[in-house]
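Engineer: Build out the structure end to end from the sequences listed, making use of the hints.
There are 2 protein chains.
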Amino acid sequence: MSGSKVISIDAMGGDHGVSATVPGLALALKHLPGDLRFLLHGDQAQIGPELARNAELAGRSEVRHTDKVISSDEKPANAVRRGKGASMWNAVESVKAGEAAAAVSSGSTGSLMAIARLVLRMAVPMERPPLVVPWPGLKGVTTFLDAGANIECDAERLVEFAILGEAYHRVAYGVARPRVGLLNVGSEDMKGHEAVQQAHAILKSGRLDLDYHGFVEGDDLSANLVDVVATDGFTGNVALKTGEGSARYITEELRAALTSSLPAKIAALLARPALRRFKARITPTPAAPLLGLSGLVVKCHGGADAKDFGRSVGLAAELAASDLMSQIERNMSRLGAPPEGAPA
Amino acid sequence: MSGSKVISIDAMGGDHGVSATVPGLALALKHLPGDLRFLLHGDQAQIGPELARNAELAGRSEVRHTDKVISSDEKPANAVRRGKGASMWNAVESVKAGEAAAAVSSGSTGSLMAIARLVLRMAVPMERPPLVVPWPGLKGVTTFLDAGANIECDAERLVEFAILGEAYHRVAYGVARPRVGLLNVGSEDMKGHEAVQQAHAILKSGRLDLDYHGFVEGDDLSANLVDVVATDGFTGNVALKTGEGSARYITEELRAALTSSLPAKIAALLARPALRRFKARITPTPAAPLLGLSGLVVKCHGGADAKDFGRSVGLAAELAASDLMSQIERNMSRLGAPPEGAPA
Numbered sequence: 001m002s003g004s005k006v007i008s009i010d011a012m013g014g015d016h017g018v019s020a021t022v023p024g025l026a027l028a029l030k031h032l033p034g035d036l037r038f039l040l041h042g043d044q045a046q047i048g049p050e051l052a053r054n055a056e057l058a059g060r061s062e063v064r065h066t067d068k069v070i071s072s073d074e075k076p077a078n079a080v081r082r083g084k085g086a087s088m089w090n091a092v093e094s095v096k097a098g099e100a101a102a103a104v105s106s107g108s109t110g111s112l113m114a115i116a117r118l119v120l121r122m123a124v125p126m127e128r129p130p131l132v133v134p135w136p137g138l139k140g141v142t143t144f145l146d147a148g149a150n151i152e153c154d155a156e157r158l159v160e161f162a163i164l165g166e167a168y169h170r171v172a173y174g175v176a177r178p179r180v181g182l183l184n185v186g187s188e189d190m191k192g193h194e195a196v197q198q199a200h201a202i203l204k205s206g207r208l209d210l211d212y213h214g215f216v217e218g219d220d221l222s223a224n225l226v227d228v229v230a231t232d233g234f235t236g237n238v239a240l241k242t243g244e245g246s247a248r249y250i251t252e253e254l255r256a257a258l259t260s261s262l263p264a265k266i267a268a269l270l271a272r273p274a275l276r277r278f279k280a281r282i283t284p285t286p287a288a289p290l291l292g293l294s295g296l297v298v299k300c301h302g303g304a305d306a307k308d309f310g311r312s313v314g315l316a317a318e319l320a321a322s323d324l325m326s327q328i329e330r331n332m333s334r335l336g337a338p339p340e341g342a343p344a
Numbered sequence: 001m002s003g004s005k006v007i008s009i010d011a012m013g014g015d016h017g018v019s020a021t022v023p024g025l026a027l028a029l030k031h032l033p034g035d036l037r038f039l040l041h042g043d044q045a046q047i048g049p050e051l052a053r054n055a056e057l058a059g060r061s062e063v064r065h066t067d068k069v070i071s072s073d074e075k076p077a078n079a080v081r082r083g084k085g086a087s088m089w090n091a092v093e094s095v096k097a098g099e100a101a102a103a104v105s106s107g108s109t110g111s112l113m114a115i116a117r118l119v120l121r122m123a124v125p126m127e128r129p130p131l132v133v134p135w136p137g138l139k140g141v142t143t144f145l146d147a148g149a150n151i152e153c154d155a156e157r158l159v160e161f162a163i164l165g166e167a168y169h170r171v172a173y174g175v176a177r178p179r180v181g182l183l184n185v186g187s188e189d190m191k192g193h194e195a196v197q198q199a200h201a202i203l204k205s206g207r208l209d210l211d212y213h214g215f216v217e218g219d220d221l222s223a224n225l226v227d228v229v230a231t232d233g234f235t236g237n238v239a240l241k242t243g244e245g246s247a248r249y250i251t252e253e254l255r256a257a258l259t260s261s262l263p264a265k266i267a268a269l270l271a272r273p274a275l276r277r278f279k280a281r282i283t284p285t286p287a288a289p290l291l292g293l294s295g296l297v298v299k300c301h302g303g304a305d306a307k308d309f310g311r312s313v314g315l316a317a318e319l320a321a322s323d324l325m326s327q328i329e330r331n332m333s334r335l336g337a338p339p340e341g342a343p344a
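Here the protein sequences come in this chain order: F and X.
For the first sequence, the working numbering assigns the number 1 to the initial residue and increments by one for each residue that follows.
For the second sequence, the working numbering assigns the number 1 to the initial residue and increments by one for each residue that follows.
Read the hints as simulated data drawn from the structure, not as lab findings.
Treat the hints loosely; a few may be bogus.
Unchecked claim - Distance condition first, Cα-Cα at most 27 angstroms in a straight line; then the derived DSS-like pairs of lysine-lysine: (1) F:LYS139 / X:LYS75; (2) X:LYS75 / F:LYS75; (3) F:LYS139 / F:LYS204; (4) F:LYS191 / X:LYS265; (5) X:LYS191 / F:LYS75; (6) F:LYS265 / X:LYS265; (7) X:LYS75 / F:LYS204; (8) X:LYS139 / F:LYS265.
Structural biologist: Listed below in structure tokens is the structure:
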């Protein structure tokens, strides 16, 4: 196998394990280049029968057996200490070793981050990869980061998120020149605290090669005012969960409203196909990249079915075929980011 | 007029001026104690004819004429510099002078805050009154603060928000022992940055007389997990606008879904009453108190109609009849808050 055409797979991750991951690969095949191959890490006894169902997939796959699995409720610190040799660990290790161009796992975010950070190392000087969220909205999707990985962020960190998000959005959504915004409490120049003020100044200065829109507000996310929104992990996590909570509340209330009377129930029945499309529109995509590492890792959500996992593998293949890493590196060098380990 | 039974009214504030404020008072009369009276500040020529339509209201009102109005797009700094004698200013001044127990205005939030802060002074050592938002959810309403007034907050400020919100929620919603939460990125003790960690320690210590639940997350707002949620003004503003944006997006998508086909259109028609009730449920109340001042001020939203303004006046009367101020003072003294002007 040539590493640049290989995706490394944690076959055991997620709630459904091999029954989602292997059929997911089969689905992904249809959209992937014919020379792409898979390196599957996990239990041969479980993977084998699943692979046998699809001759083409079997022909493009190699299995690396391991009994060891990192469970979804394992603490990240334990995953790092005791995870060596587990399917998730080995999937990431394959990227480090140059055997694969990207790794995909639907195991727990915390463990995957911790292992990826240890095995691959950060390429940018931040604590851990920002959580990247595809925020659905009226005009499409806004790439939102950090949704919770780096709780305390100075101005430079915010600018780094902008760089990572911009490069990622270009590759993932084919937008040549993504517009970037910085999350704040108002759009005027003097708004906000010191970190957003300073980041604003750096992004406005023209030192970086990106299209900076300026400050944006919370409601600009669902409006897709810009393509990429950067914020610190504290604010980002609260924003994400608040948005999810509001969506859940409104759909709950809607459900109650549409079962409150006979006419409403008939209405709900008639509207079912439209409401199904509606739900698909407001559900975010299941895949998220771990950016800022010295290697590509894609996290698929834990409850993923085959379709979700297939989409995540598709994203990994797309990122692997792109020049994402060099795009990021180019803008980081403009920022003059110090190498990891240097004082911030 | 005896001050304790008088509500002071900025009759000119909001998008609709006297055509909303005076009819709003008429609506409020039905629910208010018979000995409550109003002091209306504004243009006699406009207020007079509106008052003349309701004999009972006219009999319980006194008009204090002024030509001067603070427009909704006036900058707060200008409102403070040049606002003396305007209807909003005079409404607040009546509270300061002891002529009224509370003031109500639907003028701009920034100007009302700035004027109230200057005229009444803060009773607690914070920059300005926190923005208090009634967050609608599955089980009722959660009082959420600060939604944007105090951008940078240390631990003591967060605890003060908890005290203010708890006392307010008890009076406004009749909950004897409101449960209080602190917004964070997780519910575990070790989560979050230094300010929330320290505030958590103070709130857990038992020094204060309130029912502290612990950390809550963004999606706990719409779930109404607790009665009161405290956070800094930066996070609070982003959370509020993100929640609003998500709600807007989802209702837009829903509207699109329900007009996408003939069956869906029929469904929308059948579901109309249910959807109207749904919309009423997810729309927050129009009134917000300005807490932490040495006097009671209620802000009604700018687009308020008569019904909204009436509800705001009702809230002001309720707060005026309560021991809100002494409840706040009692817990603040337990915290050992220094007087205004002392180093923080």
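Engineer: Does each hint hold? Answer for all of them.
Structural biologist: For each hint, the structure was consulted:
1. Simply put, LYS139 (chain F) and LYS75 (chain X) have alpha-carbon atoms about 33 angstroms apart, too far for the 27 angstroms limit, and the pair is violated.
2. For the proposed pair LYS75 (chain X) and LYS75 (chain F), the alpha carbon gap of about 51 angstroms is over 27 angstroms, so the pair is violated.
3. Distance restraint check for LYS139 (chain F) and LYS204 (chain F): the Cα-Cα separation of roughly 25 angstroms lies within the 27 angstroms cut-off, and the hinted pair is therefore satisfied.
4. Between the alpha carbons of LYS191 (chain F) and LYS265 (chain X) the distance comes to roughly 44 angstroms, so the proposed pair goes past 27 angstroms and is violated.
5. About 14 angstroms separates the Cα atoms of LYS191 (chain X) and LYS75 (chain F), which keeps this hinted pair within 27 angstroms; it holds.
6. A hinted pair counts as satisfied when its Cα atoms are at most 27 angstroms apart, and LYS265 (chain F) with LYS265 (chain X) qualifies at roughly 14 angstroms.
7. Note on LYS75 (chain X) and LYS204 (chain F): the hinted pairing holds, with a Cα-Cα distance of about 26 angstroms set against a maximum of 27 angstroms.
8. At roughly 23 angstroms between alpha-carbon atoms, LYS139 (chain X) and LYS265 (chain F) fall within 27 angstroms of each other, so this suggested pair holds.
Violated hints for the displayed structure, listed by number in ascending order: 1, 2, 4.
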